Every structure is written in structure tokens, then in C-alpha cells.
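There are 6 protein chains.
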Amino acid sequence: MSSFTHFNEQGRAKMVDITDKEDTVRIAVAQTSVTVNKEIYEKMTNHAIEKGDVLAVAQVAGIMAAKKTADLIPMCHPLMLKGVDIQFAWHVEEEKALYQLLITVTVKTKGSTGVEMEALTAASVCALTVYDMCKALDKGMVIGPTYLVEKTGGKSGHYQREKRSAGGFINEQ
Amino acid sequence: MSSFTHFNEQGRAKMVDITDKEDTVRIAVAQTSVTVNKEIYEKMTNHAIEKGDVLAVAQVAGIMAAKKTADLIPMCHPLMLKGVDIQFAWHVEEEKALYQLLITVTVKTKGSTGVEMEALTAASVCALTVYDMCKALDKGMVIGPTYLVEKTGGKSGHYQREKRSAGGFINEQ
Amino acid sequence: MSSFTHFNEQGRAKMVDITDKEDTVRIAVAQTSVTVNKEIYEKMTNHAIEKGDVLAVAQVAGIMAAKKTADLIPMCHPLMLKGVDIQFAWHVEEEKALYQLLITVTVKTKGSTGVEMEALTAASVCALTVYDMCKALDKGMVIGPTYLVEKTGGKSGHYQREKRSAGGFINEQ
Amino acid sequence: MSSFTHFNEQGRAKMVDITDKEDTVRIAVAQTSVTVNKEIYEKMTNHAIEKGDVLAVAQVAGIMAAKKTADLIPMCHPLMLKGVDIQFAWHVEEEKALYQLLITVTVKTKGSTGVEMEALTAASVCALTVYDMCKALDKGMVIGPTYLVEKTGGKSGHYQREKRSAGGFINEQ
Amino acid sequence: MSSFTHFNEQGRAKMVDITDKEDTVRIAVAQTSVTVNKEIYEKMTNHAIEKGDVLAVAQVAGIMAAKKTADLIPMCHPLMLKGVDIQFAWHVEEEKALYQLLITVTVKTKGSTGVEMEALTAASVCALTVYDMCKALDKGMVIGPTYLVEKTGGKSGHYQREKRSAGGFINEQ
Amino acid sequence: MSSFTHFNEQGRAKMVDITDKEDTVRIAVAQTSVTVNKEIYEKMTNHAIEKGDVLAVAQVAGIMAAKKTADLIPMCHPLMLKGVDIQFAWHVEEEKALYQLLITVTVKTKGSTGVEMEALTAASVCALTVYDMCKALDKGMVIGPTYLVEKTGGKSGHYQREKRSAGGFINEQ
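Chains as they are written, first to last, in the working numbering: chain H, 73 to 245; chain C, 73 to 245; chain S, 73 to 245; chain A, 73 to 245; chain G, 73 to 245; chain B, 73 to 245.
No lab work stands behind these hints, which were simulated from the structure alone.
The structure presented is a predicted model; accordingly, all values stated were derived computationally and were not measured.
Check the hints yourself; a few may be wrong.
Repeated chains share a single entry, so a pair holds when one copy, or any two copies, can fit it.
[Unchecked claim] Okay, derived cross-link-like pairs now, BS3-like style, lysine-lysine, Cα gap no bigger than 25 Å in a straight line:
(1) K140 with K115
(2) K168 with K115
(3) K115 with K211
(4) K227 with K93
(5) K168 with K110
(6) K227 with K115
(7) K93 with K182
(8) K182 with K227
(9) K182 with K140
(10) K93 with K140
(11) K168 with K211
(12) K110 with K211
(13) K235 with K168
(14) K211 with K235
(15) K93 with K110
One chain only, chain H, in its complex shape (with noise of 0.2 Å):
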């Protein structure tokens, strides 16, 4: 796998033939955040609002997202999830008024390809959904880094992200 496997012989973009691949138990996790403010943040976590929270949305819509993933990303292969999860947590440190929500999703199924792409897609559009819900409040929120946290199943077999400095910055999972 060292080379480009999404061209074919012309030099253009193809679905890569997935014929011959088993179908086994695939998992994969990834995640995200969403930085926001201190009156966004305090605004979601306090008890007045208890049934419609923005994260019952946001969440709601990561798990539809994730079903779209094939119809979103050209070279992805169709897939029949077999289940899907979204977690959330805080991550709050007062004294740099870092107020930074973590978005954790888990997607599984058994199949020929793996489900790297559903996992990353459903992060991103639950966090684009919590943008969306909270930006009268303020446009500076800030989305990400997104990136797999663990994979497991198939022929490349586990892949376990290790904690590191990407880019600049450092994620604090």
C-alpha cells in the first residue's frame, strides 16, 4: 500500500475494487471539538434547558451524517453500518478560557471495507451541527483537529493512534 490506490491506469480517480476483500468486524473512532466560547459554553451546560439541548441535535445529526458518507466522499464504497455511537465531554481549563467540547464517535460494521470515512464524517457534521445551533451567539467557534482515533478489522489490521504534536499543536485528548 505504498502508492495512491485510488487511480486507475489513465492517471484519473476510480472506487477502488473491494471484490475479493472479506467481509469481517470493522470498528473505527473517531474524533473532534468544537472550541467555544464562555457564554456558549456556559449557556450549554447549565439546567434551563433540558430537553432540546444542542447536542441532542448535534448528535442525532452525526448518526444521519455517518449513513451519508458514500453519498458525500466520491471514492468511498456504500457500506451497511451496523451501529453507530456519539459521546460527548467537556473539556474545560478556566484560567486560558479554553472551553472545548469533545466529540467521540464510534462506528461499526462487517464488511469488505473499513468505516475510517463514516467515523470522521459523522464527528465533523455533529460538530458543524453544534456551529450551526450556536453561531448568533458567537462566529469565532473554532472546529477540530479531527482525526481517527483507532481502527480495528480488516487486512491493514489495528491502527492505534499515538499521542503527538501534528502541525503545530498539541492534542489534548
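Knowing the structure of chain H, use the given hints to seat chains C, S, A, G and B on it.
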């Protein structure tokens, strides 16, 4: 605009009523990046691949995603997009082994609500497509940070992102 | 308007030409219900589930479905929805063991055709989602009757449903 | 199966993990109705319209909607449908001025989860399309009640709806 | 308009900016055909099949496809279609064993760009659906040639296709 | 297979039941063409446009359309595509002023029904995209003829199109 506008009196999400908002020209610019390793950077930029390059596919994916925004983001209003343009640039610092593809999306409409979400969605899907087409080489790529750079038009007026530190990293645009 | 308008001179369906119809504000209100058993009623309304309640998911599904109406109903014109709101209420008669979730959808646009189908579609998909999320407890739930309650705007003017008996049952709104 | 299965430990909705469920043949039958007035009944059933009848359009819409179920219902798993059939019948009681179009949908798959939602969704969209194509004549039509008639296959086994009173009305099929 | 308009200064595709174009009534007419064998011709035209004929399904598919054009054609602007009509005719020359179903699609909008692509897409999907429904009888059917017959409205004005020889064959409309 | 299989006993269209059909590897090859004028031919093939060429966009559109086939063609079964490849060639006869872009699509799956419709749909949308991107130069382009070249796999076995005259023209592949 000092509170969440997306909730009804039952505390549940709704699509905000914009019937009374005027049709004006509105522009939004969003930016994201994909941080890749040296191998991917070199394969993407060398001249062996002339026709079917990764960016050609990613850019089509981004433009098509802009048109799907209201289908992905639950409370987004459908909008008739009038123009979408995606530009790429490389930010490389060899000494830091930093190879960062910058993706800048400009979306334009003439309508009663802004196109921030369309620009952010296009940028995200464009980056996800780069990830998809290079992931056989390295799964450690990082997408984002993703943010709004600028918007014009509409009642809330002009927004210009200040260069600032967000969540512990510097956006070196 | 005394004949079917959706057929051409060959006797086949067409999308009716509305080029000459004016852009006006149009509102439609539709209603449906899901009749559930006591167990489901109690689980849906007790306070053990604070955040991720069934109705939060159903209401997002309904709003997203409103935006897909023209993609679902063959002869429906595409429309730029300006606002969608979904309200829930319980109609309970313990002595009759009747537990009925009422779903009321209001859709608003400014366009050249009405939004009756958008309101009815949103109500239907909202109810289907309630069914989906509760069907592990009981598959005997009943959706509907589903009907238009009111519409305003457009050449055909105001429509207000009269309370009446339809098909052997009484709509006890 | 005595509790909601669609929620994770954070109390939020998830797409339930069905990786361990077996692929078996699964069938679901759903039914709904559209109650119309005499004028619509007569126009729909007279022989003046031979080719492009309302039901031909409604039935195509229902079948296409069955394939969109996972795109409409947030926690639904995508499924490869193996067959969809829609049948129509009229239930007319002239003395009560009751003109009721019965819509029965049968959906079949070979997969790891049932097709109840696909059958119910197809029935709903089929009925909505009848409403759309006749609404110029009368907006007072009533859709439903809509319910599952039968399902076979899968761990939860056979389900057969009993003829019963639900929510204060009798289903007179 | 003497160069490709769909490319930006980086030489990459973009969705052309049409913000300054006026909203006018625009009409496009496209035509295609499906050439079938005698057996299919006879089954499609005999009177044994009164209700659910092939053309009823194909025509619904064509109209629905017109509404999906911007989702299929990457650089197409989304448009609010105001009317779609599909007409069928048979061109039969028994002595040449030529059985050709002609499909003519007329699309109308009031907007800032034309509907040529919508008419061509509807015609193509209508023809593909005929192929799908008859392919169990013969896989040798031929779709097209497909072309624009006429367009009106917009800055580029009126276009009327001349009857001519294109690519070695005569379009005998 | 000597009659239409897409109709139920009411004479209406249905999605044929394929529950009993085996999962086998299935391949289909379809071909279409776009006949353009000399100016377009020269602009498409000259080396001024290196990166964002028309064919790169058209080919992404074609691959994405293959995945949407069941959403476009009413009675098509959803399928998990395993590979899609699109190849381009020019058929030029200067003396006849014939400039014809040939588009050949190969689709592969492992499933219980064939992929003829996916190959034909991808070819059609690929050609429509070429038309869209060149139509500012000339609206007289002709798409097709479009046909199935070959299919393998499944009960109906191997199909290979004979070179023949169809509908008055010769397919000069």
C-alpha cells in the same frame, strides 16, 4: 441575538422563522486544512499525476457538499447557492516536518439567510475527501482546525475573524 | 379547481406549471398522533431520560423530512422553507387506556406554492421516528390519523379544518 | 427487550449495534388508508383516466420511499431491500359517505434487522402522494391510521396484529 | 462566452457566480429515445397492461430526476423548478424493424440560470427507467441520442436545434 | 424471463423479489459518448488546462451517480458497489468533423442482482456533466447512443453486445 434562537417555547429545536428577512447578497469564507506526512505531500505535489489528482476530486466533493448543507445540518434553511469556489495552498515548514494543505472555500448567495454553514460544510467534506484518498498511505492525517474567516451581508453585518490563539494552537494562515 | 391538475394532455402525471403564481407568505399546519401503550407512555414521560429523549430525535427527523418533501412526493415543487416548528402534546384517557402523543407541525414559506405537503410529511416522519424508537417495547402502536389543520396564503386562500367525523372515528383534538 | 434500546450510557440516542444479529429473510406488512370525499373517489376510479392514474404515481413514490427509510428515520439501519409490493383496495360504505383507499405494503429483505420501518414509511409516503395529487379537489382528506400488520423473521419472531380498538376507533379493514 | 466558465484562476472547477444574473422565466426542451425490439414494443403498447404501464413509472422517475439535477451534476446551480412535463411518442418503421420510443421533456423555471441540464437529466433518467423495466426481455436496447431541442430565457437568449446529422446518424424526429 | 417482471397481479409496478437469488460477483460495462464541435474538442484536449480538466469532474460525477442508481431508478434494488471505473477515449474523424468522446464505465459488485443500471446511469451522468461544463461554448452537443456492452454473473449469464446497426446508425466503437 444574545440567546439560542433555535429553540421553541417547549425548549425543543426548531427551524427559525426567517420569513421577514430580506434577500441580500451574502458571502461566507471558511478555511480548513489537512496536515499530512512528507510522503503524501510529495505524491500529491509531484508531476507524475497530471490529470486525476487528489485535489480535483476533493474540490468536486466540496462543491457538491455545499449544495447538501441543508440536508446535513438539521436546522439549516435550504438556500439557492449562486457560486462556490475552492482554493488550495500548501503551508510547508520542512524543519518542523509540517506539510499542511490549506483549503479556502468561498460561497455566495442572494437570499434571506447567510451561507456560513455552506462554506464550513464544503471545507469539511473537501478535507475529508483528501483524507479518504490518501489514507492508504497514512491514517495519521489531521483535519482542521476549521473556522469561518469572513462573512458579509445580512442583518448581522460583516464578520472578520481576528488572527488569534484558539484552544492552545495558533492558526498560521 | 374542479379537476385533477397533475395530468397532461396524454393523461400522464406532470409537475404543474406554477410560473405565474405569485410569491406570498404561506403557512400550513398539520397534525398526526402516535397511540402507544401505557408502558411506552410512562417511559417517554418519566424523568429518568433527561437528555436524549425520544421526542428530541423525532422532532429533528420531522424537520429534516420537511426539507425532503419534494424529493419524496413526485409532483411536489421544490420550495425554500423559511421556518418549521413541531409541538408535542399528550392526550391521555386513563379509563380508556388511551395514551396518544399529538404532533403538530407548522411550516412557513414565502413562495409560489403552498406548504401543505411539507407539514404533512414532517408530521408523518416525526411519528414514524417515535414508532421506530419505541417498537422494541410494542409493535402495536398506531400512527395517525394525519390531516391538514389549517393553511393560509396563496390563491386558494384560507383553509381551516372543521372538527368532524372521518372514516368512522372522531378526531378528538 | 423491556427498555428503550436506542440510548447510550449518556442517555443519548444511538444507532443500536446489530453486528451480532444473523442475516435472515425478514418480511413486514404495513397498512394505511386515505379517506377521500365522493368526488375524488369517483375521479380516481372512473375509466376516463387510463394511463396516468393517481395510484400509479403514488405506488412509485411508496417504493422509492422504502429505499429512503434509513435516510429519513435517524436510528434506522441501512438495509438492502430485496422486494417491495404495494396493493390498493377500496373500502366504500355509500350510506356513511365513506370512501377509503386502503394501501398495503409488503417489504422483504435478507439482513440483520427487520423491515417494519421500511413498510410503514412506504405506506405513509404512498398515502401522502395520493393526498398531494388530489388536494386541489379537497384538502379535508385523512391519512391513516397507519400500522404494522405483520412481521416475520428475526430474533423477535412473528408478529401479527390483532383486530382491535386502538385510540377510540375501530380499524374496519 | 468563448471559454470554459467553470474554472477558477487555479485551473480548477468552480460553481460559476451567477449572483448578478436576473430572475427570468426560462424554458428548456430536451429529447431522447429508447430503441427497443419488436417484442418489447408490442408488450409496451398492447392493451393488456392498463394501469401500471412502463411509461407511467418512467415518467415519474424523469420528473423526480429533474429535481435532483443539482445533486447529480457537480457544477449545476440549485434551482426552484416551476413545471416539468414529459411526453412520449413512438417512431416505428416496421420495414426497418425500428421501434423507437421518443421522450420529450419540457422544464420551466423562474430563476437566474437556465434549465437545460434539468431537461436533459430528466430525459436520461426517464429512458434509463424504461431500460430497467424491459431489460429482462432484451438487454440490447439503445438509449439516445439525447440532446437539447430548444431553450428560451436568459442572457444567452433563444436556442433552437437545427435538424442535422451529428456523429454519423440522422435524428429523425 | 419472457414477460415483464416488474408488475404485480394488480398490473402495477413492484420491486421484484430477489430474496432467493444468490450473491455472486457481477460486472457490467456500459458505453456512451458526447459528440462535440471542434472548438470544444480542442479546448478539452489541449494542455493549457492541466489540473481541473472537464473529464476529472465528469468522472467524479459518474462514479457518484453509480451509487445513486437505486435512488433514481424506481424499481432498482439497492446494491453495495464494490468497484467503479470510468475510461475515456476520443474518436475523431477530422474529414467528417466528428469529435466524439467515448465514455466506458465498468461496475462490479458481489450481490444478488446485476449492475447494468449502475453502469448505464454512471455513463449517462458522466456525459451530462461534460455537456454541462461545455455548454457555454455550444449547446448542440449530442449525448449517446448509450448501451450495455457486456455483463457477467448472475442466473441470466453472460451478455455481450454484438456490433450491429440499431435505429438507423452504426455504433463505431
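Practice item. First find the shortest C-alpha distance between K168 and K211 inside one copy, then the shortest across copies, and answer within, between, both or neither for a cut-off of 25 Å. Key: Cα proximity of K168 and K211: one copy only (19 Å, versus 31 Å across).
Review point. Are the CA atoms of K235 and K168 at most 25 Å apart within a copy, between copies, both, or neither?
Key: Cα proximity of K235 and K168: in one copy and across copies (21 Å, 17 Å).
Check your understanding: How would you classify K168 and K110 at a CA-CA limit of 25 Å: within, between, both, or neither?
Key -> Result: close within a single copy only, 11 Å intra versus 33 Å inter.
Exercise for review: Measure nothing new, just compare the shortest in-copy and cross-copy C-alpha distances for K140 and K115 to 25 Å and report within, between, both or neither.
Suggested key: neither (30 Å within a copy, 29 Å between copies)
Practice item. Please work out whether the CA atoms of K93 and K182 approach to 25 Å or closer within one copy, between two copies, in both situations, or in neither? Key: Classified as both: same-chain Cα gap 12 Å, cross-chain 11 Å, threshold 25 Å.
Review point. Checking K182 and K227: alpha-carbon separation at most 25 Å within a copy, between copies, both or neither?
Key: Both: 13 Å inside a copy, 19 Å across copies.
Review point. When no copy is specified for K110 and K211, does a C-alpha distance of 25 Å or less occur within a copy, between copies, both, or neither?
Key: within (13 Å within a copy, 33 Å between copies)
**Study point:** Intra- versus inter-copy proximity for K115 and K168 (alpha-carbon distance at most 25 Å)
**Key:** Within. Shortest intra-copy distance 19 Å satisfies the 25 Å Cα cut-off; inter-copy 39 Å does not.
**Study point:** Alpha-carbon proximity between K93 and K110, which holds within one copy, between copies, both or neither at 25 Å
**Key:** neither (48 Å within a copy, 29 Å between copies)
Exercise for review: Evaluate K115 and K211 at a C-alpha cut-off of 25 Å and name the case that applies: within, between, both or neither.
Suggested key: Within one copy, since 15 Å is at most 25 Å while 36 Å is not.
Point to revise | Intra- versus inter-subunit Cα pairing at 25 Å for K227 with K93 | key: both (8 Å within a copy, 23 Å between copies)
Practice item. Evaluate K227 and K115 at a C-alpha cut-off of 25 Å and name the case that applies: within, between, both or neither. Key: between (45 Å within a copy, 23 Å between copies)
The structure fails to meet hints 1, 15 from the earlier list, while all remaining hints are met.
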